[in-house]
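Visitor: Quick mapping for you: the protein sequence lines, in order, are chains A and B. Using numbering that gives the first Met the number 0, you'd call the opening residue of the first sequence number 0 and step up by one each time. Using numbering that gives the first Met the number 0, you'd call the opening residue of the second sequence number 0 and step up by one each time.
Hint data in this document are derived by calculation from the structure and do not stem from the laboratory. Be careful, since some hints might not be right.
In the DSS-like style, the derived pairs of lysine-lysine whose C-alpha atoms are separated by at most 27 Å in a straight line are [said to hold, decoys possible]:
hint	chain 1	residue 1	chain 2	residue 2
1	B	K50	A	K113
2	A	K198	A	K147
3	B	K50	A	K145
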Amino acid sequence: MSTNTVRVVATLNEKGLDYELVPVDLRTGAHKQPSFLALNPFGQIPVLDDGDIVLFESRAISRYIASEYKETGPDLLRSGGGSAETAALEVWLEVESQQFGPPIADLVFELSIKPLLGGTTDPAVVEKQAEKLGKVLDVYEERLSKNKYLAGDHYTLADLHHMPYTFYLMATPQAKLVTSRPSVLAWWHDISARPAWKKTAASIPI
Amino acid sequence: MVALKVFGQPASTDVARVLTCLFEKNLEFELIRMDTFKGDRKDPCGQVTFKDRDLTLVDSRAICRHISEKYPDKGNKTLFGTGILERALIEQWLQAEALIFEPASSTLVLHLAFAAPFGLQPDQSLIEKNEKKLARVLDVYERRLGENEYLAGDEFTLADLSHLPNAHYLVNKTERGRKLFTSRNNVDRWWKAISSRSSWNQRNRDSRSLPFHLTSRMGWKGKKSKTGQGGGKKEK
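All chains, please: the whole structure from these sequences, using the hints.
Guide: Pasting the structure below:
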């Protein structure tokens, strides 16, 4: 299950929704076949088929799930719009995507995924991305020292979006980037203790 | 006192994105120009800061979503869709813009258009790699725009708007970028339509011809060119 797929599965589990996980075998190039490209022209996973709609881009999918099934389970988007919390939620959803995502994705790839594909971890890349991620996490440390969750007092989609990659990172030596920052670590302990996350984590094969 | 304030330089792609959105929504705002080159930034992670009374937001795409959600009935009412399904499709293409279109296009613009003014050596292998990437992305767009007038459907939405700043520099400041667009009929049609919108041209009118800003995230590792002395002549 790819990290981006985990993002969607985590959202579905938080909402307590039933779903069917249809494997797409990347190794056989299934994602480049016309039948899959008809679902996602960019040839990437995950894709959500919810009857009325087919969507790609995990962050768009998770948002859709949170909106469409607002009444089921926790309200991950804190609907109401216009409040300080909603605005902060929007900011931290973007920060995850633009600032946090790129360096942590590179780190996790280098440390966890590349070896599985028969490659060797490049220490120079690890050092560079760890430094980048460290600077980003300094911003998070500041934010989380003043707020229990990224958007404010409540767990939202903004926190959830960080979980798949952080989970992978915590299984590598670079976990120290998190463990050395007390507010970030406290936040991770709190959000990863959520029953829905435990269910998600149990299905990740690492 | 005007409630909405934007801090930044209008030539910055992030600021341009926000200004265009404000013009689409017909909202009154104040632009406070800040020279982000001199490290005069209020926010640690971006190039634009936005204040909505006592609310401060950073990141252009978050700001655009906030504006569109908070003022649904102002100006363009369908900018962010009018139902969950419409919104989901717009969101899907907003993500594609941010994660797939943006990295390739911004690298190309940086190396093709703004290396010289900075007295830096363009990286040819990066140019070729990102040109190929962008070509593949635009092939996807070409097919999509053959089935739909705009990315998310038949109406102009935030998903199309988000492409304007980088696409503008590609088409107008780089020959290779321009060709990628004009050689694809549907992409070319779409570009002409979205770039002729008054909201885009209003923000254009306000900008000076400063290059957009290098962000630390772009990880510029260029070598200084032999002829440049750092901050050389501005490209026309």
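Visitor: Confirm or reject each hint.
Guide: Results of checking the hints against the structure:
1. K50/B x K113/A: violated (43 Å)
2. K198/A x K147/A: holds (23 Å)
3. K50/B x K145/A: Judged against 27 Å, a Cα distance of about 20 Å means the pair holds.
The structure is inconsistent with hint 1 alone, although it conforms to all the rest.
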